[in-house]
Each structure stands twice: as structure tokens, then as C-alpha cells.
Amino acid sequence: MGPAARWLVVLAVAVALVAVPQGLRALPVEDTGESAADLAARVLDADRLGWSGEVATQGDVEVPLSGDTFGGVVRILGESSRLRVWWRGPTQHRVDRVRESGETDVVRSGGTTVRWRYEGNRVSVVPYSRIRLPDDPDVVPVALAQRLLTGARAAELSRLPSERVAGRAAAGLRLVPADPRSTVGRVDLWADQETGLPLRVEVYDGAAGSRPVLTTETTSVDLTRPPRSRTTLDLSSGVDVSRGVTLDDAAGADAYAPFAPPSEAAGLPRRGDPEDFGAVGVYGRGPTVLVAVPLRDVVAKGLREQLRKAGTVRDTGERQALEFGPLSVLLDSSGRGNYVLLGTVTPQTLVQAADDVRAGVRLVDPVGR
Amino acid sequence: MIRVELVKLMTRPRTWITILALNALPTLVAVLLAVTDLGPRPGTGPPFLSAVLTDGTLFPLAALGIVLPLFLPVAVAVVGGDAIAGEVQSDTLRYLLVRPVSRLRLLVAKLVSVVVFVVLAVLAVAVVAYVEGRLLLGDAPATGVVSVSGSTLTQAEMTQRTGLAFVYVVLAMLGVAAIALFFSTLTDSAVGAALGTIGVLVASTVLLGLDAADAIKPYLMTRHWLAFVDLFRDPIRWGDVVDGVLTQLGYLVVFAGAAWANFATKDVNR
Chain A
1 MGPAARWLVV
11 LAVAVALVAV
21 PQGLRALPVE
31 DTGESAADLA
41 ARVLDADRLG
51 WSGEVATQGD
61 VEVPLSGDTF
71 GGVVRILGES
81 SRLRVWWRGP
91 TQHRVDRVRE
101 SGETDVVRSG
111 GTTVRWRYEG
121 NRVSVVPYSR
131 IRLPDDPDVV
141 PVALAQRLLT
151 GARAAELSRL
161 PSERVAGRAA
171 AGLRLVPADP
181 RSTVGRVDLW
191 ADQETGLPLR
201 VEVYDGAAGS
211 RPVLTTETTS
221 VDLTRPPRSR
231 TTLDLSSGVD
241 VSRGVTLDDA
251 AGADAYAPFA
261 PPSEAAGLPR
271 RGDPEDFGAV
281 GVYGRGPTVL
291 VAVPLRDVVA
301 KGLREQLRKA
311 GTVRDTGERQ
321 ALEFGPLSVL
331 LDSSGRGNYV
341 LLGTVTPQTL
351 VQAADDVRAG
361 VRLVDPVGR
Chain B
1 MIRVELVKLM
11 TRPRTWITIL
21 ALNALPTLVA
31 VLLAVTDLGP
41 RPGTGPPFLS
51 AVLTDGTLFP
61 LAALGIVLPL
71 FLPVAVAVVG
81 GDAIAGEVQS
91 DTLRYLLVRP
101 VSRLRLLVAK
111 LVSVVVFVVL
121 AVLAVAVVAY
131 VEGRLLLGDA
141 PATGVVSVSG
151 STLTQAEMTQ
161 RTGLAFVYVV
171 LAMLGVAAIA
181 LFFSTLTDSA
191 VGAALGTIGV
201 LVASTVLLGL
211 DAADAIKPYL
221 MTRHWLAFVD
231 LFRDPIRWGD
241 VVDGVLTQLG
251 YLVVFAGAAW
261 ANFATKDVNR
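Those sequence lines, one after another, are chains A and B. Numbering of the first sequence is given in our numbering, commencing with residue 1 and proceeding in unit increments. Numbering of the second sequence is given in our numbering, commencing with residue 1 and proceeding in unit increments.
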């Protein structure tokens, strides 16, 4: 074999090694012709499906805050993560955020949430609360898609061409919120053609630009229901265990504050059963949503200091307002007590909501609520 | 031919000095941890380093995490870069080639020699780190070693997974060895071949941090190097480990092939 032939062989091998995987990924997908409304209905129903796999999330927002003040918000919107998921249903799943230096595992089992953090050698066990700041399980495509599509109207939905995601044929769906108060420009998602399981979700803010502010994509998927043993943590007896009542300040506010928020704020109706949400008000539908959380003075003080460190904060003394990506934040101490409001709505909507919540809040017996 | 190369490897002082130097940084880290009792903040630092203060038996894995991103590949680049170019520099390649041995067999012998060096280096780092961990850092908890996912690993599981981790680290260096060997056939300068290899490593590391390079990241040589941590999760996360091995085999096939393509008819002037 001559020199030229030898180099040709090497070149051919190199090209084949690169091209074969790319070619498999680029195989065309035939669209099923399903309507947007039907696909959305299947997506909303998909959280009952059992599956396991890996998810890559990428937040593309420059977040001017640090620390754990907003729970997982800063990490989800500003960083990338790799998640291992075992999903038996909306109340039975395990989501591990894996890092080269360790991992953080969150297990939801009925009414209990267990969180394990390797680097701290610590596990915390708390009752599950519907009122809490976003965490890793909330950005798993099936959970995020359901949150964003809930309340969507047919006129806001349209179909996108099908694509191949995690090796599966996936049907595309677009949601463009009609509400002018929303800071979410659009949501694109792709769901498994066969089962309706969302495999990729892209959230875009209202600003012009082609990059999503948040992408969450399943990179590998096994559509068989994992056994119950996979959605539990088999923890060593050598780890520290702490038991608490709340996972974060939002849940703490719900547990202790004797307030009932009004049924409407900034023209957005209160969402969900008031019995579930207690002192915290959740308003809006789909991606146009805000929450109003009463805060104790000590928590508000820490949050205020955090917000004031951000260069872009607007501070009137009684109110601190900040926006990053599609998220607006307002800490309001203008009356009795403190409220933090945050949501994917315009800053003006948040100010109006703060006024409405203060005007409409009722004092209730926290035990008899 | 392989035996000759292995004898040459073992009798060279440079081999042992390099291995000694590889152990310097983990030793310094162990001493600093023991003196200050300060581990890295959660989520930062090399893998397992946050756990060694409570369980010193994990220090061999932490030491591998310390040397793997830079020091070990640099050592492999130096040894691999010297394989052919070093013979040219010392005017011995002509004498090697007049022996009744094909150039392909010589290349294979050189590659095997580099891989044996990697095995020796990894074993030395592990053994030294184990001794340091037992002497300077925390005792293993009586309840057993805690996996990254919080479960208990039995001694048998720990031994098995540690063995797999060492095999993985050796395999992770295959690509570096092949690239260094290829550069070594291109130039008459061993230093030049080593620097070229290090340049490829640096480029790979830089591209890994670049969003615009997302499409090529799965093919980058350094992409899966630290995936040996996944062997200590429960259940084991095989995806990146398998991808890492396949990536290294790909680099091995292409660059060892390129070394063969170039060296088979290379003119030897010295």
C-alpha cells in the first residue's frame, strides 16, 4: 500500500467515526399530522407515564444574584445541569443533579421530599409542599411542559415540524402567550410522537433574539416504568439526617403566615385550590404567572441585602425591583409585613399585583385555615 | 521488540523521576488538607476531595482527579513524544530500523511502552495516595464507604469499582499516547512532539468551555476524562464512561493509523 492509500484509509476511518453518529441523529422524521390541541392534551397527560433517562438543562440568563436566596432559580436560569431521572409519576420520582465533584439527589415520594447532597454528606427529609421555589424536578421536560401548557388556549398553540430528540421521533408544538403582561415570548417543545412525553422544551423571553433563555432536553430515554426501588434512596447509616418542616422560605411562609391572599392580583386570577397554597398567592395561567409570598422580617432583610448587591436593582427604600431574563422580582415592604413577588410578568404587572395583594389580603387563623 | 522497549522504559531514570513528580501535587494536597482540615467548598474542587477529610481511603480517587486533567497527560505527552523523535535525536533510529522488524511492529512496541508507563504512573499515584490517605487523613467510617449517591459500598464493591476506575483512567490516556506518537513521527524534536500534544489538550479544554463548540464537544478528547466518578454513583452511570472509552478508542485508531501512515515510508536521515 502506497503512502497516499495509507492516508486515505486513515482519513476514511476518521470521517466514518464522526459522520456515522451525526448521520443517525439527522435521520428525517415523518410528521403524523396531529393537531396542536390534541398534542397539547397528550403532553398535559404525560406526567403519568413512567420513564427514565438523562436530561441536560441550559439556562442562558445573566443572573445578577448569587447564593440560595431564590432556591434553584439562579442555577436553573443561569447555569447548565445534567440530571438523571427515574420517573414513575408526578408524585413518585427521583432526580439526581450530577456533577464531576458529586451529586444532589431529590426524591419525591408521595407527601415527602428527600434531598441528598454528597459534598455535605447530609440528607434532609421534609414534607412535600406545593409552595416552594423551583428545583431540579421542575425543569425535567415533562414537568416544565405541563406547568407552561396549563391553561393554554387553542389560539395560542401551533405545530412545529417534527424532529429527532434522544433518538426518538418527536412532534413539535409552539405556545405564544397572548397575554401582554407575559415576559415569555414563546415556548417551543417537542414530545415523543408515540407517547406524548415531552423530550425538549425551549423557553424564549419577549426580547428579540434567537437563543432560548432556558432549554431542557432529554438526551437519553427509556420508556419503561422504573421499579419503585429506583425512585428511593438507599442511604448509608453513616450520613447525617435532618428532618424539617420546609425546604425553603416560600414553603415556610405558607406554613406559618396567617394570611389569605386575594382572589385576583393585577387582573390575573388566583390559581389552584386556596387550601393547597395557603398564605402564598399564585396568579395567572401557563407561562404568565406570578407568586406573592409573605416574608418574615429576618428573611426579608437578607433578601433586601441580596437584591441591593445587584447593580441593576431599582430601590425606593420600601421597594426593590429587579429583572433578569423573563423573571421579574419585587420585594415590597411598603406596608405592614413584607412581600416578595416574582414571576414571568412585566415589572408594572408586579407592582400592580403588590398593591392588589396588600389591599386584598385577609388575616386568618392559620390552624383553622 | 516490545520486551526491548519495556526494558528501556524501566531502566530509564527519567521514567521514575516523572512518576515521582506526578506524586508531588497529591502529596502536597494531602499535607495541606491534614494541616488545615479545610476541604473544598461543596461543588468545587476535584472529585472526592471534599470527602477525604472524613474518609482517607478515598484519597487515591481524589489524587487521580487531581493529576488527570493536566499532570498525567503532560507526562504521557512527554514520554509518547520521545518515542520516535527521541530515537532520531539520539541517532539510534537508523539502527533500530535495520533490524529485521517492521516499522509497524516498532510503532506498536513504542505504543505499548507508553501505555505501560501510564499503568505504572496511575498505580504509583494510587498506592502513594492510599498510604497518605491512611496516614494523614480521616479513617474510613465504620459504616462503610459512602457512594456519591449516599448508599453504602461494601468492600468488594469498592474494590471492584476502584479497579474499574483505574482501568478507565489508563484508557483515558490512550488518545494522548496515540497523538504524541503521531507527532513523534512528524518531527525530529521530542520536545516539539510533546508540545504539539499538549497544544491539542489545551485546545480541547478551551473548546469544552465554549458554547459555540457544542456540536463538536462529544468528540473532544478531554470531554469524558473525569467520568470515572460515575462509577461511584448508585446505580453506576455508564453512559459517559462508555462514551469516554469509545472516544479514546476513536483517537487511538485515527492517530495510531496516522502515525503508521506517516512512519511507514518516512525518510530517516539520522
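Source of the hints: derived by calculation from the structure; they are not laboratory data. Even for Gly, the Cβ is constructed at its ideal location relative to N, Cα and C. Among these hints, one or two may not hold up.
Calculated lysine to any residue pairs in the SDA-like style (CA-CA distance at most 25 Å, straight line) [as the list claims (entries may be wrong)]:
id : chain 1 : residue 1 : chain 2 : residue 2
1  : B       : 217       : A       : 58
2  : A       : 309       : A       : 364
3  : B       : 217       : A       : 202
4  : B       : 8         : B       : 264
5  : A       : 309       : A       : 75
6  : B       : 266       : A       : 298
7  : B       : 217       : A       : 300
8  : B       : 266       : A       : 6
9  : B       : 217       : A       : 348
10 : B       : 217       : A       : 60
11 : B       : 217       : A       : 303
12 : A       : 309       : A       : 63
13 : B       : 266       : A       : 169
14 : B       : 266       : A       : 160
15 : B       : 217       : A       : 309
16 : B       : 217       : B       : 246
17 : B       : 266       : A       : 2
18 : B       : 217       : A       : 15
19 : B       : 217       : A       : 16
20 : B       : 266       : A       : 7
Here are some chain B residues pointing at chain A (derived, C-beta under 10 Å) [said to hold, decoys possible]:
id : residue
21 : 155
22 : 158
23 : 161
24 : 255
25 : 261
So, going through the hints one by one against the coordinates:
1. Under the criterion of a C-alpha separation no larger than 25 Å, the hint pairing residue 217 of chain B with residue 58 of chain A is consistent with the structure, at around 15 Å.
2. With a CA separation close to 35 Å, the supplied pair residue 309 of chain A and residue 364 of chain A exceeds the 25 Å bound.
3. Pair hint residue 217 of chain B plus residue 202 of chain A holds up; C-alpha atoms about 21 Å apart against a cutoff of 25 Å.
4. Distance check on the hinted pair: residue 8 of chain B and residue 264 of chain B sit about 23 Å apart at the alpha-carbon level, within 25 Å; holds.
5. Restraint check for residue 309 of chain A and residue 75 of chain A: the C-alpha separation of about 18 Å stays at or below 25 Å, so the hint holds.
6. Pair hint residue 266 of chain B plus residue 298 of chain A does not hold up; C-alpha atoms about 75 Å apart against a cutoff of 25 Å.
7. With a C-alpha separation of about 43 Å, the suggested pair residue 217 of chain B and residue 300 of chain A falls outside the 25 Å cut-off, and the hint is violated.
8. As the CA atoms of residue 266 of chain B and residue 6 of chain A are separated by approximately 13 Å, the hinted pair is consistent with the 25 Å bound.
9. Restraint check for residue 217 of chain B and residue 348 of chain A: not satisfied, since their Cα atoms lie roughly 42 Å apart, outside the 25 Å limit.
10. Straight-line distance between C-alpha atoms of residue 217 of chain B and residue 60 of chain A comes to about 18 Å, which keeps the hinted pair within the 25 Å bound.
11. The suggested pairing of residue 217 of chain B with residue 303 of chain A is violated, with an alpha-carbon distance near 38 Å, which exceeds 25 Å.
12. Between the alpha carbons of residue 309 of chain A and residue 63 of chain A the distance comes to roughly 12 Å, so the proposed pair stays at or under 25 Å and holds.
13. Of the pairs offered as hints, the one joining residue 266 of chain B and residue 169 of chain A is violated, with about 50 Å between alpha carbons and a cut-off of 25 Å exceeded.
14. At roughly 56 Å between alpha-carbon atoms, residue 266 of chain B and residue 160 of chain A are farther apart than 25 Å, so this suggested pair is violated.
15. Annotation: proposed proximity of residue 217 of chain B to residue 309 of chain A is violated, straight-line Cα distance about 36 Å (limit 25 Å).
16. With a C-alpha separation of about 14 Å, the suggested pair residue 217 of chain B and residue 246 of chain B falls inside the 25 Å cut-off, and the hint holds.
17. With a C-alpha separation of about 12 Å, the suggested pairing of residue 266 of chain B with residue 2 of chain A holds against the 25 Å cut-off.
18. The hinted pair formed by residue 217 of chain B and residue 15 of chain A meets the criterion: a straight-line CA distance of about 16 Å does not exceed 25 Å.
19. Distance hint between residue 217 of chain B and residue 16 of chain A is fulfilled; the C-alpha atoms sit about 17 Å from each other, no more than 25 Å.
20. For the suggested pair residue 266 of chain B and residue 7 of chain A, the alpha carbons sit about 13 Å apart, so the restraint of at most 25 Å is met.
21. Hint status for residue 155 of chain B: violated, given a least beta-carbon distance of 14 Å to chain A, over 10 Å.
22. For the restraint placing residue 158 of chain B at the interface with chain A, the shortest Cβ-Cβ distance is roughly 12 Å, beyond the 10 Å limit, so the hint is violated.
23. Because the closest C-beta pair between residue 161 of chain B and chain A is about 15 Å apart, greater than 10 Å, the hint is violated.
24. About 9 Å separates the beta-carbon of residue 255 of chain B from the nearest beta-carbon of chain A, less than 10 Å, and the hint is met.
25. Given hint, residue 261 of chain B at the interface with chain A, holds; its Cβ is 4 Å from that chain's nearest Cβ, closer than 10 Å.
When each numbered hint is compared with the structure, violations occur for hints 2, 6, 7, 9, 11, 13, 14, 15, 21, 22 and 23.
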